[in-house]
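Required output: the full structure, derived from the provided sequences and hints.
There are 2 protein chains.
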Amino acid sequence: MRSKGLTVLKIGGSVITMKDKALTPNNSAIKRLAKEIAGSRLSPLIIVHGGGGFGHPIAAKYGIAEGFKDEKQMVGFSKTHNAMMKLNMLIVEALLDEGLPAFSMAPSSFIITRSGRIQHIYRDPLEQALKLGFTPVLYGDAVFDYDLGFTVLSGDQILSRLATELNAERIIIGVDVDGLYTIDPKIDPRAQLITCLTLNELVNLIDKIGGSRSVDVTGGMMGKIRELMAPAMNGINILIVNALKPNYIYKALRGEDVVGTKIIRE
Amino acid sequence: MRSKGLTVLKIGGSVITMKDKALTPNNSAIKRLAKEIAGSRLSPLIIVHGGGGFGHPIAAKYGIAEGFKDEKQMVGFSKTHNAMMKLNMLIVEALLDEGLPAFSMAPSSFIITRSGRIQHIYRDPLEQALKLGFTPVLYGDAVFDYDLGFTVLSGDQILSRLATELNAERIIIGVDVDGLYTIDPKIDPRAQLITCLTLNELVNLIDKIGGSRSVDVTGGMMGKIRELMAPAMNGINILIVNALKPNYIYKALRGEDVVGTKIIRE
Chain E
0 MRSKGLTVLK IGGSVITMKD KALTPNNSAI KRLAKEIAGS RLSPLIIVHG GGGFGHPIAA
60 KYGIAEGFKD EKQMVGFSKT HNAMMKLNML IVEALLDEGL PAFSMAPSSF IITRSGRIQH
120 IYRDPLEQAL KLGFTPVLYG DAVFDYDLGF TVLSGDQILS RLATELNAER IIIGVDVDGL
180 YTIDPKIDPR AQLITCLTLN ELVNLIDKIG GSRSVDVTGG MMGKIRELMA PAMNGINILI
240 VNALKPNYIY KALRGEDVVG TKIIRE
Chain X
0 MRSKGLTVLK IGGSVITMKD KALTPNNSAI KRLAKEIAGS RLSPLIIVHG GGGFGHPIAA
60 KYGIAEGFKD EKQMVGFSKT HNAMMKLNML IVEALLDEGL PAFSMAPSSF IITRSGRIQH
120 IYRDPLEQAL KLGFTPVLYG DAVFDYDLGF TVLSGDQILS RLATELNAER IIIGVDVDGL
180 YTIDPKIDPR AQLITCLTLN ELVNLIDKIG GSRSVDVTGG MMGKIRELMA PAMNGINILI
240 VNALKPNYIY KALRGEDVVG TKIIRE
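Protein sequences appear in the order of chains E and X.
No gaps in the numbering here: position 13 of the first sequence is 12 in numbering that gives the first Met the number 0, and each next residue is one more.
No gaps in the numbering here: position 187 of the second sequence is 186 in numbering that gives the first Met the number 0, and each next residue is one more.
Certain hints may be false.
Just so you know, same-sequence chains aren't split out, so a pair can sit in one copy or run between any two.
Below, computed lysine-lysine pairings styled on DSS-like, alpha-carbon distance capped at 30 Å [claimed, not checked]:
id, residue 1, residue 2
1, Lys85, Lys207
2, Lys78, Lys250
3, Lys244, Lys20
4, Lys261, Lys60
5, Lys207, Lys130
6, Lys30, Lys78
7, Lys68, Lys34
8, Lys68, Lys207
9, Lys71, Lys130
10, Lys130, Lys185
11, Lys68, Lys130
12, Lys261, Lys71
Bear in mind the hints are in silico, worked out from the structure with no lab data behind them.
Following this line, the structure appears as structure tokens:
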């Protein structure tokens with residue numbers, strides 16, 4: 000399927016959950032974002048969200064990302080998935096309340112990885128959902144892995160791979176900062192927002208960070224931007240915006256000007 | 000994959016939900032069955048459960064089984080799935096509480112139908128789950144359909160198809176009666192339990208009921224027993240038991256003698 004005009008929207012876990020409290024949704028952010036997304040009337044659209052305080056603490060406790068080593072992890076693997084399902088259901092229900100035909104899809108049921116990288120996405124039901132006008136809502140999940148037994152699959156990897164496979168037109172990434180900075184803004188107040196980055200500049204940035212072993216100047220967004228290489232190379236326009244600021248996601252979805260970091264092929 | 004010794008267990012919706020109250024789980028039955036299933040220490044095992052008061056009322060309200068006719072159904076389709084996810088999570092969590100590594104799998108994410116019949120089951124993650132020793136827990140669901148757009152897929156069809164594809168050894172079906180009767184026991188007190196039925200007798204029974212257009216002597220189990228033809232023909236042993244009676248499911252899983260209806264190839 001060539002999805003003409005498909006947008007893939009990522010909502011970071013730090014946006015929709017409370018940072019310092021496990022299993023606590025940020026209900027006001029969820030409600031506001033549901034209004035913004037439904038209000039944009041954008042279709043076709045796929046949403047992928049992160050785990051924040053839902054998935055990560057349980058996954059970390061049981062060492063899920065490192066793979067299957069001990070039977071004691073099995074219950075933890077399942078609990079990680081359940082926690083993500085609960086968060087996902089809150090998002091989907093908030094969207095349904097706004098009249099958007101969102102539909103929950105469980106990554107662990109149709110995506111399988113090898114050594115932590117996506118091996119197959121069985122996209123058939125998801126593509127049927129898109130064709131009918133649904134907005135599939137996926138999430139970072141505890142998934143099965145051919146080599147590791149199981150692992151943690153980030154929403155960022157799902158986003159990157161799905162957008163590439165479906166030839167999406169745009170990726171919009173909603174995070175808890177304004178975008179990429181010249182230096183980590185949480186450490187150095189001289190940090191300046193990078194408003195536009197070409198693919199070459201993105202590669203250089205990743206090289207620089209990878210090589211220096213210094214503080215991650217992306218403010219913890221290194222994993223995120225690594226995943227953006229493939230879609231950027233495929234000519235998919237990428238925009239990173241602050242989803243905690245009201246109407247930023249709405250404007251981004253509508254294609255209106257908004258503060259953030261654009262990543263373009265050239 | 001040839002699953003040697005695989006058991007597929009169906010738990011009817013009428014067993015785990017309250018008949019006369021929408022969205023109300025039968026918590027004591029769920030807890031007891033979780034103990035019985037975990038206590039049997041049976042592996043490999045797949046569980047499929049029905050919807051009862053969770054899935055059916057919403058699916059009926061929006062006419063989901065009849066397929067996509069109107070955009071207004073879309074929110075209802077998604078809500079049907081959400082209701083089933085909620086019920087599923089209760090079952091999975093009850094099993095996890097008993098130490099059984101159950102894992103929720105969402106049929107709508109990896110099964111697609113054509114005119115209401117299963118066209119593809121993308122079984123890869125499910126088989127990986129089984130291989131690791133997990134007990135996948137599936138459910139009747141609102142699913143996407145190539146011809147109808149979407150429809151309702153019964154747990155019975157999933158059970159039948161999965162058991163056949165995976166060459167299961169046994170199917171155990173937990174319902175709210177003791178098994179199949181010579182006549183509907185809710186109508187005629189002379190009804191006698193059929194303790195054993197060959198494939199030929201099963202075919203004759205379906206013919207008789209289908210032809211007579213009279214009262215369904217199976218007590219509403221016609222849809223269920225129709226789905227049992229394919230696995231019975233494939234030599235899979237089938238046992239229908241009363242899951243509301245304590246220890247019946249436990250004994251059935253353990254292969255111990257228990258009141259019920261056996262269906263065998265010959």
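Are any of the numbered hints broken by this structure? If so, which, sorted upward? 1, 4, 5, 8, 10 and 12
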